[in-house]
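> Protein chains in written order, with the numbering used here: chain A, 1 to 114; chain B, 1001 to 1825.
If you're looking for bench data, these hints aren't it; they were derived computationally from the structure.
No incorrect hints appear here.
Listing some non-contacts, in silico: residues in chain A with all C-beta distances to chain B over 10 angstroms: (1) Gly84; (2) Tyr97; (3) Arg98.
Label-pair ranges, simulated between beta-carbon atoms: (4) B/Leu1416 x A/Cys91: 27 to 33 angstroms; (5) A/His55 x B/Glu1613: 22 to 28 angstroms; (6) A/Arg92 x B/Pro1383: 40 to 46 angstroms; (7) A/Leu101 x B/Ser1414: 54 to 60 angstroms; (8) A/Phe110 x B/Gly1601: 48 to 54 angstroms; (9) A/His55 x B/Gly1601: 24 to 30 angstroms; (10) B/Asp1314 x A/His55: 38 to 44 angstroms; (11) B/Gly1073 x A/Leu101: 41 to 47 angstroms; (12) B/Glu1394 x A/His55: 46 to 52 angstroms; (13) A/His55 x B/Ser1433: 19 to 25 angstroms; (14) B/Lys1598 x A/His55: 23 to 29 angstroms.
Yeah, the Cβ is synthetic: ideal placement off N, Cα and C, and Gly gets one too.
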Amino acid sequence: MNGSPMPLQRRIHNLGPVTRIPLGEGKVYEVAGRALAVFRTRQGMLHATQAACPHRGGPLADGVLGSGLVVCPLHGFKFDISTGSPVGNDCRALRTYRVELTSGGDMLLFLDEP
Amino acid sequence: MTQRLVVVGNGMAGARFVEDLLARGGGKRYRITIFGDEPYGNYNRILLSSVLAGSHDAEDIFINPLAWYDANGVKLHAGVRVAAIDTERKVVRGANGIDERYEKLVLATGSGPFVPPISGLRNEAGAFKEGAFVFRTLEDCNAIGQASERSRKAVVIGGGLLGLEAARGLLERGLEVHVVHLMDHLMELQLDAKGGAILQRTLEGMGLHIHLNKSTREVLGSPRVTGLRFEDGSALDCDLLVIAAGIRPNVALAREAGLLVERGIVIGDDLATPGDPDIYALGECAQHRGRTYGLVAPLWEQAQVLADRLSGRDPHAHYAGSKVSTKLKVMGVELAVMGTRERSGADEEIAYEDASRGIYKKLILRERRLVGSILLGDASAAPNLFQAFDREAEIAGDPAALLFPAAAEVKPRSVLDAPDSLQICNCNGVSKSAIIQAARRGCRSLKAVCDATRAGTGCGTCRRDVQTLLEGTLGQGGTAEDPSIHYYVPGVPLAKPDLIRTVKELGLHSVSSVFNALAEGKEDPASKPGLASLLKTVWGKDYEDERDARFINDRVHANIQRDGTFSVIPRIYGGVTTPAELRRIADVAERHQAKMVKITGGQRIDLLGIAKEKLPEVWRDLGMPSGHAYTKAFRTCKTCVGTDFCRYGVGDSTSLGIAIERRFQGIESPHKMKLATAGCPRNCSEATTKDLGAVAIEGGHWEVYVGGAAGSRVRKGDVLCVVESHEEVLRFMGRFMQYYREHAKYLERTYDFVERVGIDKLKAVLVKDEEGIVARLEAEIQAAVDAYQDPWEEALYPVHPQQFARALEPSREKEPAAELAEALP
Ligand code: SRM
Ligand SMILES: Cc1cc2nc3c(=O)[nH]c(=O)nc-3n(C[C@H](O)[C@H](O)[C@H](O)COP(=O)(O)OP(=O)(O)OC[C@H]3O[C@@H](n4cnc5c(N)ncnc54)[C@H](O)[C@@H]3O)c2cc1C
Ligand code: SF4
Ligand code: FES
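In isolation and in its complexed conformation, chain A is listed as follows (with noise of 0.2 angstroms):
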């Protein structure tokens, strides 16, 4: 094997309808004991992230969208949702996670466990 080395166990849950999420908005979703906030970009991808913000825990699901980026609602620092990395500020990056569409609509999260 070469490369990054594979997880041990990979869990798929479900998160539901897509339609949950309001476009252009985020949701928190708790997936096994940990937060997360999905967001729904209204270009029809989805992104899942740590929930809180690592600046002071604001809620990043409550903040605004736009060209890839959630803007924490408390202090309005960015982060690039699909990287987790900080834009214009040296917080920590984001934990991200893999979501992906069902055809029928529905929301898998991917949690890898070593």
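Keeping the supplied structure of chain A fixed, place chain B with the ligands upon it in accordance with the hints.
Just chain B with the ligands now, with coordinates in the frame of chain A:
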């Protein structure tokens, strides 16, 4: 098809014009070539005196390094003088033989030093004798600096701005410095005789020797300068001579090319030469309406106009001349001058002098309008005076008050003098040194510095200080204007009036349609709430509401708190409540375990610490409408007890306040509107410092105030009008609100808006109806009033089932997720 644009002169005007052109997308229209006689990128000429004084290094004053030209696709012939222009064939020839063709040509050749005829100045070869210099370029500056190391005693010919700046530099370098001036007082272009005399005393106090009314006949010594002899027969020995006797526009090139040249290259309001519409001129070399300029402010204006025209942003932009007002530092002494220096005819003059402290202030008024002013030694009144001068507004009250700004508005000292560790942005904890570093690292506009450091992104009060630091670090000419500051929102490149026009023309009803049509589909998150607010104002009922464009507060109609919970402030009209209402509020607070119950500064009650998913229940239980304490809209109208109870009351402020709040509740606006009514001028409800206020005065009148503030800034409102009845107060307030809704920038509070537009203009439009729009304003505000709906009704009819979905509270169960486990090998 791109055209070829050639610029001659890489100085302050030429390079600024190219920057402005690029900022307006001109890089797509033109292939740009610049010829510059000086062998480097462009630098800030104003700071040469600081380089001479040793407070700046030469590297510090470069505005654009050579790499900038490459990065922007601009071809620079650095160190190449243009020798000739062939206007027939449209070719420019460099002294090194390079030819460049052009479709458009811009001449920005600046000025050269004026050297009066003095015998013995030159050697046989026709060059200056050793030890004699002019002062215009970086090269001159370096040469003077080097010579000063071998010299003891310097003479500067010329007691104007330039000469005194040279003198300052030499004094700082430890030389004995004499200034020789032809006229009978210093800086006669800027100062009157009195001001000149006071300045002279101050400068003499610093160790400068000043000789007035002296005409230099001869330079003594050979091959080195050893002294000067004057027309009156006297002499002065020296080993360094700087001639700073004035400037002459560089026009030889234009004259030889057959262009019309008088004192400068003659141009029209379109900045083109009259004989050849493809050739333009700007900067110190240009002569417009008979005037040439010798300071940077006018040439910034010229550069913008020409960039607007040539980029196509505004092909009809025209330049109408500049009202020259400048703020300078002469040898560290503050000086602000504007308009005329001396009174004439029936002009009124007000002067103040405190010679012992070197302070002199003078105002000249013509028909109660400011037409000229000098502020020497203390320029703290300059911002107000510049404004009065620019707007040509009639001065109300005692004009002498203008000379002494209210104590609260004077900063005790400039931030420039403060220690580096001083915290400038008190919201985000950004220090002076962080701002200076950002500026040195290449952030040249206020916006760039704020983006890089987060300074000024909180309450915004420190932005003036940030701007001062930026200018102090880069010098007046080193800062750049970010074009986006003129945009209504940063992500859509249009100013508010253009944006409104385009939105109407294209029928754009939603925020996403605006991004698609006007921003190449790029949805800038910072621009969304501003666009939502504007579209709501433009389209009213026909606005296509997209909830994701709103800030969280406006999605859930409550104010988010530091822990992600929300505060609930119901409307209490005019701050008047009843025991029954109080009981209900108390019950709700207990039932939903509000973390705190507080009387707000807006005369109502706040229930704090309510979870998002609980909001609909809390609202239903309260049975009161939203107080809009979370949004950019009409907030409250505070009242006082007025005639009903107070022994001083002369007007019924309580029922007026309630009527105002009932009428205008929830009306969206560019920023929040907070109001108050007071029953007498004791002003207990603070009505004179609200966005709009009404104060009862004896005789059954009401004063209507607009643009007051008592938040991060304190400002007394301006009286818009004095009226007789409650109905009239409501009417004029409605007119003002609608005008503010249409004309203010997003997040521009009324205190900035009223200052920007000016109370005279507001009176003309809203009271005298000079533009004939009052009927329309009243109809529009009425439509907005009619469209009012209590947003808390969404408790019963949420716009989306997940509108009040639980936010972050990890301790509790969230949306349950079905789980599919996938075992991997
Ligand atoms: C609750 C209240 C303080 C209190 O406990 O009394 C309050 C609380 C907040 N104010 Fe205020 N202001 C409150 C009265 C005021 C007043 C006094 C008044 O309204 O008469 C002022 C001065 C007047 C003014 O508006 O200028 C005031 C000037 C500000 C400012 C500075 C505005 C400015 O341009 O100078 C801000 C910041 C801003 O708007 O950007 C602000 C912002 C805020 C915010 C909304 C900050 C935020 O975005 O989260 C605070 C919400 C705290 C929270 O967690 O709920 N608050 N704030 C008051 C609610 C009044 C109400 O009933 O609606
Ligand atoms: C020491 C000093 C202090 C000053 N202080 C202030 C101040 O405090 N406030 C203020 O407002 N103003 C001040 N000024 C004035 C200000 O610097 C000028 O108004 C401004 O530089 C004029 O800009 P410009 O582009 O027209 O000319 P310049 O900046 O002189 O640029 C013209 C450029 O064109 C080049 N050039 C000329 N002919 C040719 C040719 N044929 N081919 C190629 N290149 C050519 C020149 O080499 C030069 O680089 C000061 C000036 C000096 C010298
Ligand atoms: S309530 Fe107002 S003054 Fe108090 S901390 Fe919040 S914004 Fe600042
Ligand atoms: S908590 Fe997110 S920006 Fe402060």
